[in-house]
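Colleague: Okay, here's what each chain looks like letter by letter:
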Amino acid sequence: MIFFNNITKKYENGTVALDNVSFFVDKGEFVFIVGSSGAGKSTITKLILCEEKPTSGSVLINGINVGGLKQKEMPYYRRQLGMVFQDFRLLPNKSVYDNIAFAMQVRGASTKEIRRSVPNVLSMVGLSSKARVRPNQLSGGEQQRVSLARAMVNNPPVLIADEPTGNLDPSTAYDIMRLLEDINKKGTTVLAVTHARDIVNKMKKRVIEIDNGSIIRDEVGGYSNES
Amino acid sequence: MNLNSFKYFVNEGVKSFLKNGLMSIASVITIMLCLIMFGIYVLFAANLNYVARQVEENYEIQVFIKDGTSSSRTAQLADILIAIPNVNKVVFVSKKEALDSWKAQFGENSEILEGLELDNPLRDSYKITVDSLSLVDETVSKINEIEEIANIKNNKDTIEKLISVTSVVKTVSFWIMVVFALVSIFIISNAIRITIFARRREVNIMKFIGATDWFISLPFMIEGIIIGIIGALFSVAVLSQVYIRFLNLVGDVFTGSISLYTFGAVAGILTASLAGMGTVIGALGSLISLRRHLHV
Ligand SMILES: Nc1ncnc2c1ncn2[C@@H]1O[C@H](COP(=O)(O)OP(=O)(O)O)[C@@H](O)[C@H]1O
Ligand SMILES: [Mg+2]
Chain W
1 MIFFNNITKK YENGTVALDN VSFFVDKGEF VFIVGSSGAG KSTITKLILC EEKPTSGSVL
61 INGINVGGLK QKEMPYYRRQ LGMVFQDFRL LPNKSVYDNI AFAMQVRGAS TKEIRRSVPN
121 VLSMVGLSSK ARVRPNQLSG GEQQRVSLAR AMVNNPPVLI ADEPTGNLDP STAYDIMRLL
181 EDINKKGTTV LAVTHARDIV NKMKKRVIEI DNGSIIRDEV GGYSNES
Chain A
1 MNLNSFKYFV NEGVKSFLKN GLMSIASVIT IMLCLIMFGI YVLFAANLNY VARQVEENYE
61 IQVFIKDGTS SSRTAQLADI LIAIPNVNKV VFVSKKEALD SWKAQFGENS EILEGLELDN
121 PLRDSYKITV DSLSLVDETV SKINEIEEIA NIKNNKDTIE KLISVTSVVK TVSFWIMVVF
181 ALVSIFIISN AIRITIFARR REVNIMKFIG ATDWFISLPF MIEGIIIGII GALFSVAVLS
241 QVYIRFLNLV GDVFTGSISL YTFGAVAGIL TASLAGMGTV IGALGSLISL RRHLHV
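Protein chains in written order, with this note's numbering: chain W, 1 to 227; chain A, 1 to 296.
Simulated from the structure, these hints should not be mistaken for laboratory data. Remember, it's a predicted structure, so these values are computed and weren't measured experimentally. One should not assume that every hint holds.
[What the hints assert, rightly or not] Pairs of lysine to any residue residues, derived as SDA-like cross-links and limited to a Cα-Cα distance of at most 25 Å, are as follows:
hint: 1; chain 1: W; residue 1: Lys94; chain 2: A; residue 2: Asp119
hint: 2; chain 1: W; residue 1: Lys46; chain 2: A; residue 2: Arg201
hint: 3; chain 1: W; residue 1: Lys72; chain 2: A; residue 2: Arg201
hint: 4; chain 1: W; residue 1: Lys72; chain 2: A; residue 2: Glu202
hint: 5; chain 1: W; residue 1: Lys94; chain 2: A; residue 2: Asp213
hint: 6; chain 1: A; residue 1: Lys7; chain 2: W; residue 2: Asn120
hint: 7; chain 1: A; residue 1: Lys95; chain 2: A; residue 2: Lys15
hint: 8; chain 1: W; residue 1: Lys94; chain 2: A; residue 2: Asn20
hint: 9; chain 1: W; residue 1: Lys53; chain 2: A; residue 2: Ser141
hint: 10; chain 1: W; residue 1: Lys70; chain 2: A; residue 2: Lys95
hint: 11; chain 1: W; residue 1: Lys10; chain 2: A; residue 2: Asn204
hint: 12; chain 1: W; residue 1: Lys94; chain 2: A; residue 2: Val14
hint: 13; chain 1: W; residue 1: Lys70; chain 2: A; residue 2: Arg200
hint: 14; chain 1: W; residue 1: Lys53; chain 2: A; residue 2: Val14
hint: 15; chain 1: W; residue 1: Lys72; chain 2: A; residue 2: Asn4
hint: 16; chain 1: W; residue 1: Lys112; chain 2: A; residue 2: Asn4
hint: 17; chain 1: A; residue 1: Lys19; chain 2: W; residue 2: Pro135
hint: 18; chain 1: A; residue 1: Lys15; chain 2: W; residue 2: Asn136
hint: 19; chain 1: W; residue 1: Lys46; chain 2: A; residue 2: Asp213
hint: 20; chain 1: A; residue 1: Lys15; chain 2: W; residue 2: Arg115
hint: 21; chain 1: W; residue 1: Lys202; chain 2: W; residue 2: Val220
hint: 22; chain 1: A; residue 1: Lys7; chain 2: W; residue 2: Thr111
hint: 23; chain 1: W; residue 1: Lys46; chain 2: A; residue 2: Arg200
hint: 24; chain 1: W; residue 1: Lys70; chain 2: A; residue 2: Phe208
hint: 25; chain 1: W; residue 1: Lys72; chain 2: A; residue 2: Phe106
hint: 26; chain 1: W; residue 1: Lys130; chain 2: A; residue 2: Glu202
hint: 27; chain 1: A; residue 1: Lys19; chain 2: W; residue 2: Arg132
hint: 28; chain 1: W; residue 1: Lys70; chain 2: A; residue 2: Ile288
hint: 29; chain 1: A; residue 1: Lys15; chain 2: W; residue 2: Met104
hint: 30; chain 1: A; residue 1: Lys7; chain 2: W; residue 2: Arg115
hint: 31; chain 1: A; residue 1: Lys19; chain 2: W; residue 2: Asn120
hint: 32; chain 1: W; residue 1: Lys53; chain 2: W; residue 2: Pro157
hint: 33; chain 1: A; residue 1: Lys15; chain 2: W; residue 2: Arg132
hint: 34; chain 1: W; residue 1: Lys53; chain 2: A; residue 2: Asn204
hint: 35; chain 1: W; residue 1: Lys112; chain 2: A; residue 2: Arg201
hint: 36; chain 1: W; residue 1: Lys46; chain 2: A; residue 2: His293
hint: 37; chain 1: A; residue 1: Lys142; chain 2: A; residue 2: Gln76
hint: 38; chain 1: A; residue 1: Lys19; chain 2: W; residue 2: Leu91
hint: 39; chain 1: W; residue 1: Lys70; chain 2: A; residue 2: Glu202
hint: 40; chain 1: W; residue 1: Lys53; chain 2: A; residue 2: Arg245
Okay, chain W solo, but in the shape it has when bound (with noise of 0.2 Å):
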């Protein structure tokens, strides 16, 4: 489960990028972000994640306070996230298959685990055939896959994606939606981040709708008709 209590956030040069903000996603629920640029949706990630700290509120993951974790255990804790970013991420120097393997290899996954799940989530995600490729032959929409596999191989409690589809075709996007929600069904709580009107439209799930870094809308049901 994910916990924003209160949570204000104000970057360095002044700018209040999250107001109070307040939300709950319960265990194995499906929550829609959105809202247009520069609302504030990917501070909520970073706040997730660990990578910015609130200036005040607290954000609770699965029970553990974020804002209290030390440095040491910070390693254990974003291992329960699965992060699909924005930039994706890759690790330039190695292939997609070793980026993904790395992920595993990080938490120390034997050989033989490592070659039973890449190939799956690679298949998965439509790149099966370019395993030995390296991130900088990849076109934008492709990358974003690998960083989704990468964020889905350790089948992580929580997965956190930041404009998974922002950079694919429609249908591809779709298709990836759907594997978010298929994910989903397999017990994983996924928060995403999106611009896809259409799909966050047919597909029926919560949306928090952010707007200039206040939560304006929070139901089940499509985009807002006005933004």
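Given the coordinates of chain W, assemble chain A with the ligands onto it according to the supplied hints.
Modeller: Frame of chain W, contents of chain A with the ligands only:
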């Protein structure tokens, strides 16, 4: 750490080493130079000890017997001498034997000693070896009390001077070596720092995926150790050539009772100590820069 992780660390370390081509070569050369210094120190110190030990072992006092001492009294002196504390062994050298060995040293030019047989100017003597060099002064004064002793040849002061000089030289060369080691550690840590800086985005990504600092650091440390060990191998190669040549050069000086180690005798210890030192320098160098720069 399981075998998979170990393979991963070694793999990453090797890849990074190869990828950093020029930087790696520069680091290897630096560490090699440092280890050559270290190796010279090791060889020097080992031989110094070896020579000092031989000098001590071969140390002998020669006591000359006054002319005109009867042969029976001369023979008796052997028992008197052996009874003196600290005296280990007593060997009689007749004046004829002394002249013969002198002649032998002259070799072909021995004819200039021709005629000396008739009126041998040398004296009968005893060569005495002692148990402990440090007690020699007392031993010598005891020997001096014997009426028939003309004089005593004792080069203990020279030996002591030699030993004290060698200890100074050893201390100085030790500190020179320490300075070189520090310089190498600094250079390695700089090389690794540049690697980390070049890869800080990567390191950052690894952290967000849940890699521990150890997991991120080990490849860098292995890279440092690879640099150290390759540097060590090169330095052993260089030193073996230099040392063998050196032995050929000074071979004539060290004949007889005092000799230097052959290369074979020191190859093992030299390789082990240089590889050990290279590993320590490499690991330490990368550890220092990791501790300072990992938290990007
Ligand atoms: N590191 C940062 N420093 C300063 N301002 C930032 C930083 N990151 C984001 N912002 C600002 O905070 C606001 C919210 O950003 P973000 O959460 O990335 O929005 P979104 O993902 O919804 O587009 C924006 O105005 C953005 O410019
Ligand atoms: Mg964003």
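Colleague: When you check the alpha-carbon spacing of W:Lys46 and A:His293, does it fall within 25 Å?
Modeller: Roughly 23 Å separates the two Cα atoms, so the pair holds.
Colleague: Is W:Lys70 close enough to A:Glu202, meaning Cα to Cα at most 25 Å?
Modeller: Roughly 22 Å between the alpha carbons, so the hint for W:Lys70 and A:Glu202 holds.
Colleague: Does the alpha-carbon distance linking W:Lys53 and A:Arg245 stay inside the 25 Å limit?
Modeller: violated, 66 Å
Colleague: Sort out whether W:Met104 lies within 25 Å of A:Lys15, counting only the CA atoms.
Modeller: holds, 20 Å
Colleague: When you check the alpha-carbon spacing of W:Lys112 and A:Asn4, does it fall within 25 Å?
Modeller: holds, 10 Å
Colleague: Taken at face value, is the distance from the CA of A:Phe208 to the CA of W:Lys70 at most 25 Å?
Modeller: Within the cut-off at roughly 15 Å; holds.
Colleague: Against the 25 Å threshold, does the CA-CA distance of W:Lys202 and W:Val220 hold or violate the hint?
Modeller: Answer holds: W:Lys202 to W:Val220 is near 12 Å, not above 25 Å.
Colleague: A:Lys7 and W:Thr111 were given as a pair; does the straight-line alpha-carbon distance stay at or below 25 Å?
Modeller: holds, 10 Å
Colleague: Keeping to a limit of 25 Å between CA atoms, is the pair of A:Lys7 and W:Asn120 held or broken?
Modeller: Judged against 25 Å, a Cα distance of about 23 Å means the pair holds.
Colleague: For a C-alpha distance cap of 25 Å, please report whether A:Lys19 and W:Pro135 respect it.
Modeller: Given pair A:Lys19, W:Pro135 holds - Cα atoms ~18 Å apart, limit 25 Å.
Colleague: Need the status of pair W:Lys94, A:Asn20: alpha-carbon distance at most 25 Å?
Modeller: Given pair W:Lys94, A:Asn20 holds - Cα atoms ~16 Å apart, limit 25 Å.
Colleague: Please verify whether W:Lys53 and A:Ser141 have alpha carbons no more than 25 Å apart.
Modeller: Roughly 86 Å separates the two Cα atoms, so the pair is violated.
The structure shown violates the earlier hints numbered 1, 7, 9, 10, 14, 25, 31, 35, 40.
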